[in-house]
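**Student:** Listed below are the residues making up each chain.
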Amino acid sequence: MKRDGAMAWLGNIKDAVWSTMVGMGITFRHLFKKPVTYQYPEDVVPVATRYRGMHFLEQDKCIACRACEKACPVDCIEIRFLRHPGSVNEWFEFSLDYNKCMFCELCCSPCPEDCIHEGKEFGFVRYERSELVVDLTTWKGLRDVDHQRIKEAEEEKKRKAAEMAAKKKAAAAKKAAEAKAAEAKAAEVKAAENKTAEPKAPEAQSTKDKTSETKASELKAAEEKAETKAMPAPSKPVSDQAASDQVSADPSSAEKTADKSPAEKASPDKASKDSSSADKAAPDKAAAEPAAGKPEAGEKAAGKPGVDEKVVGKTGAGEMAREKDEGTPQGKPKGKPQGKSKKGASKKKTGGKGKKKPKGGGK
Amino acid sequence: MSIASVWTVLAVQASGAGAGEGAGTGATGILKGLAAYGFWGYLVAALLGFAILFGIASALPILFTWAERRVSGRMQQRWGPNRVGPFGLIQALADGIKLMFKEDIIPAKADKLLFMVAPGIVLAGMLSAFALIPLSDSAVVVDTPLGVYLITALLSLEVIGVIMAGWASNNKWSLFGAMREAAQMVSYEIPFGLCILLAVVSYGTLSLREMSLAQAGGFLNVGNWLIFHNPLFALPAALIFFIAALANTKRAPFDLPEAESELVSGFHTEYSGLRFSFFFLEEYASMFVISVILIAMYLGGWNLPFVPGSAMTGSFGAELLAVLSMLFKAFVLVFVMIWIRWTLPRIRIDQVMSLCYKYLTPIAFVCLIGTCWWELST
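Chains as they are written, first to last, in the working numbering: chain A, 1 to 363; chain B, 1001 to 1378.
Derived by calculation from the structure, the hints in this document are not laboratory data. Where a beta carbon is used, it is the ideal one built from N, C-alpha and C, also for glycine. All clues given are correct.
DEER-style ranges, computed between Cβ atoms:
(1) A:Ala6 / B:Ser1156: 30 to 36 angstroms
(2) A:Leu10 / B:Ile1090: 45 to 51 angstroms
(3) A:Gly23 / B:Pro1362: 22 to 28 angstroms
(4) A:Asn99 / B:Phe1328: 55 to 61 angstroms
Chain A regions said to be covered by chain B (calculated; three or more residues, Cβ under 8 angstroms):
(5) 22-29
(6) 33-45
In isolation and in its complexed conformation, chain A is listed as follows (with noise of 0.2 angstroms):
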């Protein structure tokens, strides 16, 4: 409203009072409302109810899975404890690293428990960076609870273990008494067999033929042992000390089996000559020659090609049973099969970061 002259000038002085006095009420007003502070530290700010603050964990209901773990995103959990029988977990820690963790809520939903949440703590305010590792475990070790667990289920082990021997012995002495009873059916069987087989003989072959032809069956399921054996072994990964044991042991068992095999043959063979196979001989040669060639494929691997046959399988013996011994690679093995040995070495090293870190003896 546009005013002029003494109009203008009574109306600002009512305005002014006018506003002064509406203000004044607002300020009177709000004088007796109740103030809004929340006096933190004294009162509980309320919080959202999916507000995602400091977790805290169900420990009676947790069965250490290690989901939770595994799942979250900045491995900023930590869970070491020691399964007893009776499934009782024997805890030592189950902490977060709070410098870590985001409160991605990650950890909770894998939970087959849903024993692990997060709260409604907000207060992270620490003197060093080591109090933010918070442990949520409520208890640690074993209770009298878990004793008596473990008490209980170790007397249910030997119970059982009992009744299965018990089970055992009843079923051996079972089928002891089956087999007597078998055998002495066999033996009324065979004497009935004997009786009605002898006036059946069948025409009578070559007995040069007979040997020869086992001999042959012999050698070929010789050969396909070593085959079986060498074959795969080295193709294998040598996923741990045990299997790079066998691999180790392997070359040279099937060497020996490789070697065996012509000195078995040696006989026979002479024997086969005898009766001018050597047609027979000769795919035997052929079986026996991979046999003997996959090991040095085997021995290649080891580090030293285009040795002998014999001394390369001894040394890669040797050299593999060192690195066994000594924990590390030293000869390290050039060319394709450097990936196998490296595997190797590199499970091992996982193996001793493990031990160095140990995540808890749960197997």
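The hints should help you fit chain B onto chain A, whose structure is shown.
**Tutor:** Just chain B now, with coordinates in the frame of chain A:
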């Protein structure tokens, strides 16, 4: 140094009180008796009066700062101070102790002498004004025939201290604050003086004590209060005096010399420690002084409704009642000052000029003329 200046002023006033006794208008009590013993009597009276005044003048700001912070907090729906003592009552005391132990920094380029003297002058002006205000018929340290005239002069002394401080600080903000104070002072002093003149015209005396005494009696014992005795002219004049008093105490909406959002802290930007606390003390103590002046002139002094004026003077109990009544009224006015501070925003310096020259001064002048006519006609 500041303390010494206060002593000097008070000693002068104590001798004034002694002189006043001879004229038959003097104050009562111990001070009057002491003044009869010559120079040493004056000195003891001065020291005693100073001790009492300084105690009151320091204790009241403690209460007022607490009230200010508490009220402002509640108006903004906060709690305000509530940690030190019950309801945070001794918060201001804690602040005072803190300020005493703080380093007293004097800027290198400052005018050292003026810088050091300025807070003393401000405090001296306020404290000597304290000596002149009547809390009851006898509870007045110095009752001179000059009365309000002397009080306005002493309150203006404070402005000189402020300008001194702003100039001596050698700081642009401080100087701005000081200049604003000067400009503001020449604006508000005119309606302020006219409103005092109105009261003087009504009562025919300059003494605040006599003004208060004159307001006893009438309808329900409030009929003789100036604002009820002469409502048409005295009521607006009381309002104008109150507005001018806000400007005088440099409180919002007239806190331009300080203006912490514009001028850092205005004229006391460079002050710290005890010297800063003097400015602080002065602001709150002068709130009380101005309130008491307003009450003595317009709001019936220590007189209460339904209580006959004779019951407020004479005996010790009556005097105590009068003091309590005066304190109660003063506290209400101080509360209103706080209330206004947390309601209104700061106005510009040109708006201060416009308000004082174009609105307050003409109205006050009309009220003065009207009161003259009123007093002549009745």
